[in-house]
Structures are given as C-alpha cells and as structure tokens.
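Enquirer: Each protein sequence line maps, in turn, to chains G, D and S. The first sequence begins at 7 in this note's numbering and counts up one residue at a time. The second sequence begins at 2 in this note's numbering and counts up one residue at a time. The third sequence begins at 377 in this note's numbering and counts up one residue at a time.
Worth flagging that the hints you see were computed from the coordinates, not collected in a lab. On a predicted model such as this, the values are computed, not experimentally measured, just so you know. All C-beta atoms in this analysis are idealised placements derived from N, C-alpha and C, irrespective of residue type, glycine included. Hints are not guaranteed to be accurate.
What the hints assert, rightly or not - Pairwise CB distance ranges (calculated):
{"hint": "1", "chain 1": "D", "residue 1": "408", "chain 2": "G", "residue 2": "61", "range": "27 to 35 Å"}
{"hint": "2", "chain 1": "S", "residue 1": "459", "chain 2": "D", "residue 2": "408", "range": "29 to 37 Å"}
{"hint": "3", "chain 1": "D", "residue 1": "288", "chain 2": "G", "residue 2": "164", "range": "37 to 45 Å"}
{"hint": "4", "chain 1": "S", "residue 1": "386", "chain 2": "G", "residue 2": "86", "range": "45 to 53 Å"}
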Amino acid sequence: MDPFIFLTVDGLARGAVFAAFALALVLIWRGARLVNFSQGAMAAATTFIAYSVTNASGSYWLGLVAAVVSGLVIGAITERYVMRFVDPTQHLNAVIVALGLVLVIQAILGIIYGSQYRPMDVPFSRSPLSIGDQPLLSPYDIFVFVTVLAVMAGLGFAFTRTDIGLKMRAAAFAPDMARLLGVNVGRMLTLSWALAGAVGGLAALLVVPTELGAHPHATDLVFVYAFTAAVIGGLDSPIGAVVGGLGVGLVLSYVSGYSDNDLSAVVILGLLIGVLLLRPSGLFSHATARQV
Amino acid sequence: MHEHTHRFRRPVATVASLGLIGALAACGGGGGGGDAASSPGVTKDTIVVGTHQPLTGPAAAGYSSISPATKAYFDYVNSKGGVHGRKITYKVKDDGYNPANTQKVVRELVLKDKVFAIVNGLGTPTHTGVLDFLKTNKVPDLFVASGSRNWNQVKKYPTTFGFQADYTTEAKVQATYIKANLAGKKVCFLGQDDDFGRDALLGLTQVLGEDGVAERQKYVTSNTNVAPQIGKLKSAGCEVVSLATVPGFTALAVGTAARLKFQPQWISTSVGADLNTVGGALGKAAPLLEGFLSSNYLPSAFDAEDPWVKQFKKINAEFNDDAPFTGNTVYGMTVGYLFVQALQQNGKDLTRESLMETVEKGGLDGSGLGKLRYAKDDHAGYGGVRMAKVTGTSQDYFGPTYSTDDGDTPVEEYTEEPTQPPADGIPTE
Amino acid sequence: MIELLARHTLLRHLLVTLAAGVALLALTYTLSPYRNYQLATMAAYLCATAGLTVLVGLSGQLSLGHGALMAVGAYTYALMSAEVGDRGTTGPMLLLLPLVAAVVATAIVGGIVGLAGARLFGPYLAGLTLTLTIVVPAITTTFADQLGGDQGLSVLVEPAPASLGITFPLERWQAWIACAAALLTMLLLANLVHSRFGREMRAVRDDEVAARLSGINVQRTKVIVFVVSAATAGLGGGILAILTQSVSPGAFSLAFSLFLLMAVVIGGIGSLAGAVWGALLLVALPEITDSLADNIGSSPQLAERLDGNLSLAVFGLVLILVTIVFPRGIQGLVSAVSQRTRRSGRPPSSRPGTTTTEDPPTTTSSESIDA
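Using the sequences and the accompanying hints, generate a full structural model.
Expert: Dropping the structure here:
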C-alpha cells in the first residue's frame with residue numbers, strides 16, 4: 007500500500023495549521039512591518055487558557071472560544087502597551103522586544119502550569135476514515151480544514167468587503183494618507199495585532215492537542231515552520247502564507263513518510279534557501295527586496 | 002587629540018569590565034576546599050547528596066514524581082533520627098532530559114554544592130555524558146536511574162553503579178515470553194535512538210535471533226511526531242511490537258497506532274510502562290492500554306497486599322503530600338531505601354571510598370523481585386524480571402520471575418522468595 | 377607614550393590584551409573550581425557574542441542562528457579530537473588541531489549561509505538563520521551513528537599538563553584555555569573593527585546604496601563579516617566542547633541562539649565591551665535568579681516552578697525594558713557615564729535598515745563617523 011494519499015492529506019492538514027499561523031504573521035507584518043516573534047508564545051498562552059476553560063467547563067467549544075477571545079485580548083494588549091513604545095525605525099528593536107515577550111510569557115506559563123505536558127482532547131475522532139483499504143482522512147482533519155478555510159474566508163471578506171477592513175489596509179499601506187482621511191491608524195494597528203492573536207491562538211489550538219499537549223514550549227516548532235512558510239510565501243502576501251504553509255506541511259509529511267531518517271528540517275532549510283535565492287522576498291511578494 | 006583619547010577608551014573599558022567580572026565571580030566564590038579530613042558533603046549530623054532529574058521536558062511525564070518519592074523516604078528516615086545521627090539532604094536539579102543541562106547541573110552539584118554522592122541520576126543519554134566528570138572527581142555515582150549497561154563498567158567507571166534491571170536483561174525476559182506464548186507472530190521493535198534502545202534491541206535479538214525482529218524503528222525525544230515510524234510498523238505487518246520508550250512516547254506510540262487502526266500486542270520495558278503515567282498521558286484514550294504487556298523488577302504499585310507497597314504507601318501519605326501512588330513512587334522509595342541501607346551497613350565512619358566498598362560487598366536488597374548483582378567486579382542492579390499485564394485499571398504481574406544478565410547467561414526461572422521489608426521500613430545494619 | 381599607543385592600534389590592543397590576560401591568570405588562582413568553570417563558560421560564550429555583536433551591530437545582518445554555528449564548531453571539535461586522539465596524538469596538538477578544525481569548518485558553513493543571506497534583508501535573513509537552529513537536531517539524529525543523536529558525543533579532554541602539578545584543578549586549566557581563546561577573539565575583532573574593513577562594514581550597514589557608490593563591494597563585505605562571525609562562534613563552540621567534555625544538540629537549542637542575540641543587545645549592540653557584559657549576563661543571571669527562587673520558594677513545588685522560569689522572566693523583562701528605555705545596553709550606560717563631560721550633540725541619524733541604536737555617542741557609532 008503506497009502511503010502517498012495518506013501522507014498528502016496528513017501533510018495538508020498540518021500545512022493548513024501552518025498556513026493559518028503564517029497568516030497571523032502576515033497580518034502583523036502588513037500592519038506594522040515587523041515579524042511578531044512572540045506569536046508562538048502568545049499562542050501557547052491562549053492554548054493554556056483554552057485548556058483551563060475546557061477543564062473547568064468540560065466543553066471543548068468553550069475552550070475554543072476562550073482561545074480566540076484571549077488571543078484577541080493578548081494581541082491588542084501587546085500592541086497597545088508594549089510594541090507601540092518600540093522605536094519603529096529600528097528593525098532589530100522590535101525583534102528583540104518580541105523575543106523578550108517570548109521569555110516572559112513562557113516563564114509565566116511555566117510558573118503557573120509547571121512544565122508538564124498537559125494532554126488535551128479533540129472534539130472529533132482522529133482515526134482516519136478509509137475508502138476500501140486506503141486510510142484517507144480523519145473527522146478531525148476535516149474539522150481542521152473547515153476551520154482554517156472559514157478563518158481565511160472570513161479574513162478575506164473582512165479585508166475586501168467591509169469598511170473596517172478597508173481602513174486597516176489603508177492604515178497599513180499609506181498610514182499618512184489614511185490619517186488625513188480620518189482613519190485612526192493606531193487603532194487599526196491594535197486591531198491587526200488582535201486579529202493576529204486570535205488567528206494564531208486558533209491555529210495553535212488545532213495542532214497542540216495532536217501532539218504531546220499544552221506546554222509553554224508547545225508552539226515553538228509551529229512558529230518556526232509557520233515563519234518559514236510566511237517567508238517562503240512572501241511576508242506581504244496572505245496567498246503566499248497559505249501556499250507556503252501547505253507547502254511546508256506537505257514537505258514535512260513526505261520527507262518523514264518516505265525517508266528513513268528525519269531530514270525534514272534539513273529539507274525545509276533547503277527549500278527556504280532555494281526559494282530565497284530565486285526570489286529574495288518570497289514567492290508572492292510584490293515589494294522590492296530592500297525595505298526602505 | 003580628542004579623538005585619540007576617545008579611541009583609547011574602549012579597550013580600557015573592556016579591561017575594566019573584565020576586571021569587574023572577576024570581582025563579581027570572586028565574590029560568589031566562597032572559601033573553596035577545606036575538606037581534607039573527610040569526604041565532601043558529610044558532617045557530623047548531615048549528608049548532602051544530589052541528583053539530576055527530568056522535572057520538565059519530554060521525559061518529565063511520570064519520571065518527575067520519582068525524586069519527590071525518594072526525598073519523602075529520606076524525610077521519613079530523617080524524622081526517625083537519620084542514619085548514624087546524620088540527616089540526609091537530597092538536592093534535586095532539573096535537567097529537562099537535556100544532556101547539555103545535565104552537564105551543567107551535575108557540575109553545580111559536585112563543584113558548588115559539594116555533594117557527597119550523586120544518587121539516582123536519571124536518563125541514559127543524560128547520565129552518559131557526566132560519567133567522565135564524576136569519575137575524575139571520584140564522586141560515588143549510585144543507583145543510576147536507567148537500565149543502560151553503561152553503568153556496569155567497573156574498570157572504566159569504578160564509581161558508577163546501576164540500579165534497574167538493565168534493558169538487555171528485561172528484553173531477554175520479554176523475548177523468552179514471546180517465544181513461549183506468541184510464537185509465530187511477527188515481532189517488531191520501536192526504541193529510543195540511543196543506548197537505551199540499542200541495549201533493549203540487543204536483548205531481543207539475543208533470544209529471538211537477528212531474523213526474529215522484523216521491522217526496527219527508532220525515535221528521538223525532540224520530535225513528537227511518531228506517525229512515520231508507526232506507519233512503517235503497520236505496513237510491515239507487525240503483530241508484536243516491543244517498546245524501548247519513555248512514558249510520553251509509549252503514549253504517543255499507542256495513541257498514534259490506534260489512530261492508524263494498528264493494534265499490535267505491545268510489550269514495553271519497565272521504564273515506559275507505568276500504567277498511571279502512560280494512561281494519564283493518553284487521557285481519554287487510556288482504555289487502549291487493555292492487554293498491554295510489560296516487564297518489571299519492582300513490586301507492582303497496584304498490589305495493595307505487597308508488604309513493600311503497604312510500607313511505601315504509608316510514607317507516601319505522610320511525607321509526600323499523599324501524591325498519586327504509582328510505579329514511580331515505588332521506584333523512588335526503593336532508591337531511598339537502598340541508599341539508607343548502604344549508609345547503615347557502612348557504619349559511622351563515612352567516606353566516599355568506604356561507601357563504594359560497602360555497596361560492592363553485595364549486602365543490599367530492597368524491594369526488588371530478584372537480587373541486586375553488586376560485587377567487586379559487577380556494578381549491575383536488579384537481576385529478577387517478571388511480566389505484567391494491564392487489565393482494566395490495574396497492572397498486575399503474572400507467571401514466574403526470571404533471572405538473567407546482560408551477557409549470554411540464559412533466562413531461567415528465579416525461585417527465591419523476595420525480601421520482606423523491615424517493620425518500620427528502615428533498614429538496619 | 378600615550379600618543380604612540382593611540383596611533384598604533386595593534387600595539388595598543390596587544391598591550392590591553394596582555395594586561396587582561398595577566399589579570400585573568402591571576403584571577404583563576406583565586407577562584408574555586410566551580411567559579412573557574414563559570415569563568416571558562418563565560419569566555420566560551422564571549423567568543424560567540426563578540427562575533428555576533430560585530431555581525432549584527434556593525435554590519436547590520438541579523439542572525440538568529442549563532443547557536444547552530446557554535447554547534448558546528450563543537451561537533452567538529454568532538455569528531456576531530458576523536459580522530460587525532462585515535463592516532464595517538466597527545467599534548468597541545470590534541471587541543472589545537474581540533475580547535476583549528478572547528479574554526480575552519482564553522483567559517484565554511486558561515487560562508488555558505490552568508491552567501492545565501494547577503495542579498496536578503498532583515499526578517500528574511502532572520503528566517504533563514506532561525507531555520508539553522510532546527511536543522512542541528514535533525515542532522516545529529518539522521519547521522520546518529522557518527523554524531524550520537526540526542527545523546528551526543530563525549531569529547532576526549534586531557535587533564536592539565538603534568539608540569540603544572542598533579543593537584544592542578546582541571547577547571548583552572550579549562551579556564552586558561554577558554555580565556556586565551558576569548559582574548560584572541562577580542563584582539564582580532566577589535567583590530568578588524570578599527571581597520572579599513574571595519575569602516576566599510578559600517579558604511580554598508582548605514583546605507584548600502586551609498587556604500588556601493590563609494591566603491592565598496594557590498595555583497596563581499598557582508599559575506600566576509602558573516603564568515604568572521606561564524607569563525608568566532610565556531611571557536612566558542614569548540615571551547616564549550618572542551619568545557620563540558622561532551623557535545624549534544626540540546627546544548628545548541630533555538631532558545632540558546634536567541635539568548636546569544638539577547639545577551640548582545642542587553643550588553644550594548646555593536647560594542648565588543650558590550651559582548652563581555654552579555655557573556656557575563658548569560659552565566660550570572662540564571663545563577664542569581666535561581667538562588668533567589670530557592671530563597672522565596674517556600675513550598676518545594678513552587679520552588680521547582682520558579683527554578684529556571686524566574687530567570688527567564690527577569691531576562692525577558694530586562695530585555696524589553698532595555699530595548700525600549702535604554703537601547704544602547706549596559707555598555708552604552710557605562711560609556712555614557714564616562715563621556716558625559718564631553719558629550720557633543722550630534723543630530724540623531726535615522727538609518728533605514730540598520731540594526732543598531734541611533735544615538736551616536738556610543739564608542740562604536742562614533743567610529744562610524746570617523747569613516
């Protein structure tokens with residue numbers, strides 16, 4: 007039995023999560039021109055909040071809502087009370103402050119919850135449905151696909167069809183012009199962070215229960231792969247994030263499925279170098295290579 | 002001129018800061034030595050020993066409750082006056098199952114905290130890296146918490162002593178069981194990619210032959226996705242899978258296999274088989290463990306009638322906040338018991354050398370099913386292993402206890418009765 | 377005399393290095409073995425932070441993967457020392473050959489990454505170097521037969537030479553080796569920073585277009601800095617291998633790479649003296665907060681949770697505050713105090729794409745004005 011189809015579906019399911027996470031990075035990049043290195047830690051925090059809510063209420067869905075809402079709040083607070091004070095002309099400063107946030111958030115989580123992995127349940131079975139002898143995809147995979155699709159459709163709709171979405175785009179691309187037109191640019195930026203926090207939180211909640219469970223570092227690798235996906239796709243481009251995410255998911259799945267050794271990280275590095283050598287700003291980027 | 006002085010300042014500042022570092026480093030330095038008379042870590046009324054444990058990280062599940070149990074046992078002994086008038090302080094350092102951290106914390110314990118001995122340092126990959134350091138510093142390295150054969154190298158590492166039935170011994174007993182009861186089935190193996198996995202596989206192939214183990218897969222604790230390995234075991238048509246895994250990865254393997262509709266007969270080494278730990282990690286999927294086979298060498302935590310378990314439960318209630326009583330509790334307390342027994346037998350005049358000589362005399366017993374193998378030329382731990390099976394929410398022994406070793410000694414039934422604990426649970430001289 | 381020293385950079389640096397060397401030598405005799413071990417660790421970190429601060433602060437290239445480069449050095453050291461050890465080599469060669477190999481191998485890897493990274497800007501280079509850190513465990517696992525997987529390799533380290541006496545502590549000997557390496561690194565980097573190449577490097581950082589117009593080969597400059605920075609990281613990795621007598625992927629985690637960068641920032645980005653502060657911080661901060669945690673942790677469970685986590689929280693908070701409130705780091709503070717009297721108000725220049733602080737009166741930034 008060739009596992010190709012199974013590996014493809016499995017890779018796409020993981021890739022969908024990377025895509026959503028990468029999308030969160032793109033959201034902030036477009037709004038603030040910085041990579042939110044604390045996205046992973048923020049998502050670890052929302053995952054723990056979901057874990058606590060689910061444990062207290064017994065309901066997965068309440069936990070899911072809690073992850074999204076707390077993502078909104080953490081994202082907004084981070085922008086409003088931390089990132090706003092960082093000198094925007096210094097790229098490194100934003101990176102460093104975000105890394106500092108990672109430390110603080112993970113340390114706080116470690117102090118509150120300890121450093122044990124907390125297993126989390128999923129609302130649907132993870133056993134794949136088979137067609138004949140061929141395992142295909144599990145109900146949980148379907149849930150992941152549907153959720154991620156819904157998020158993307160929602161964001162797409164909001165940015166192209168709604169007033170507030172248009173304001174956010176204006177604030178991101180021409181802040182001075184937007185300000186003249188009466189858009190509260192600062193508020194739009196806060197909103198970008200809040201949305202990114204929510205999307206990241208949701209993505210993490212989809213993937214963490216399929217691994218060892220909630221843990222301060224549970225989202226580290228997710229962040230690295232999602233960041234890679236966003237860079238491959240082009241930090242400017244939501245489409246790029248999706249394509250990059252799915253691509254990274256598929257590559258990881260095929261490499262670990264077909265090779266005896268776990269060379270997936272090496273292949274991802276190769277992919278990254280290859281793409282960046284051809285297109286230094288990623289596959290779908292419209293911007294020039296240099297940021298001025 | 003202005004610029005010249007300006008340029009001159011930087012190296013000066015560098016030197017200044019270097020000097021400052023020296024001052025900073027020195028002020029914490031303390032007096033240093035001064036322990037010529039007796040061994041470090043021992044005074045008239047205290048003994049300080051240390052350990053490195055995975056309180057966090059990929060192996061923390063289950064294992065993080067071992068050192069609290071050991072500590073509880075020491076606290077119990079201390080509450081009864083200690084050993085030869087000395088109270089035991091047990092310094093537990095977290096290494097997160099990361100060999101690099103182990104390097105750091107063991108140096109802290111030996112060089113800074115000046116512990117008398119390292120007791121029950123946990124983990125094959127972690128502890129392997131500090132063997133040379135402990136040997137150089139002549140630190141007794143007692144009852145290593147791992148079943149690797151590395152600890153039994155008397156010539157190379159004279160201060161290191163094993164504790165567990167080694168993985169090769171366990172695997173040989175498992176293989177003997179497979180031969181007798183699961184004959185004709187396709188046997189496969191999933192193991193950790195280090196000496197833990199290699200030693201276990203060695204035991205399997207020794208009894209079943211090289212062809213007897215069809216598919217062999219390995220994993221690393223830094224990658225939690227075991228689906229590829231499980232997928233290969235499934236497509237190879239494995240019917241029996243022997244596991245050399247830590248509890249978190251036992252749970253991952255069983256959970257992933259169920260997801261892939263693959264239900265072989267699992268047989269795990271003791272370190273990855275504790276029902277409470279693995280079941281806890283599986284959460285709602287814990288019923289998947291029904292029929293799960295494992296080998297072990299200590300009393301089952303589920304055997305409420307066992308005199309050792311009774312005794313340990315009492316100590317657990319009083320000195321360990323009545324933490325959940327698991328195989329890890331039995332394990333940790335047995336370690337504590339053995340160390341106290343060694344101290345008792347050593348007598349009042351305690352040095353590092355004298356304690357190691359005492360252990361080598363072979364007088365230690367503890368709760369194990371079989372005998373400890375310590376001797377002048379043998380630093381291996383327990384030798385008696387028995388098979389256990391999960392039924393419902395219990396994990397019970399069945400069949401006879403076997404004894405063998407990590408060499409080519411055949412697996413034989415062990416007929417002696419296990420040792421009984423002393424009345425108050427504290428060994429005497 | 378001062379005039380002479382001021383004019384001859386090399387001579388001046390040599391003298392300072394010599395003085396620091398003598399001071400450190402004396403220091404090792406006053407320290408307990410544990411403190412010597414810490415001093416040695418700090419020196420090993422310094423090799424890497426010094427190279428990193430030059431790369432990030434003076435050439436404007438952000439690396440999140442310097443830990444991975446240290447891993448290259450450490451593994452090369454381990455493999456090479458096993459190789460030459462097996463051939464019966466002993467004495468200084470058993471130490472030096474593997475160290476040279478570590479530097480060369482890491483420089484080569486740095487060259488490859490630098491070539492790929494030279495045309496990338498900020499976050500893209502960050503992404504590339506970040507991926508390096510997750511490649512390290514993948515490679516050590518894949519080639520577990522040679523590299524030992526998660527368990528790593530043990531490293532053959534000879535005790536201190538017999539001529540020093542049999543009771544000479546190994547830790548003091550290790551501190552000597554490590555400090556020698558760190559001083560050499562600092563000496564070479566200080567000269568590089570003061571050379572013509574150093575000025576070119578800062579010109580590239582400040583404005584690539586202008587640098588190109590003035591005849592500087594931007595790509596070549598960037599790649600060379602990356603190679604140099606990688607080489608020093610490789611040396612640091614090799615020294616770490618000697619100190620711990622082992623190498624394993626866990627020592628060079630993603631977090632470690634980030635710590636290196638953060639140490640450099642807190643110390644004062646672009647300043648070699650700041651790199652010293654950073655290295656000191658990497659060793660001292662966990663120790664201080666851990667003992668703090670032991671003292672406040674009334675229940676053992678709380679102590680266990682505070683252990684490690686508290687130092688992370690403090691480190692993170694300091695990092696955020698330093699970056700926002702005092703972006704020139706510790707060394708910036710030190711030089712601000714010493715220069716307060718002669719501070720001249722230069723207009724703050726905004727340098728797009730650069731990564732240093734914008735306030736000129738740091739020693740390093742003033743250097744860039746020299747150019």
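Enquirer: Could you work out which of the previously given hints the structure breaks and list their numbers from low to high?
Expert: 1
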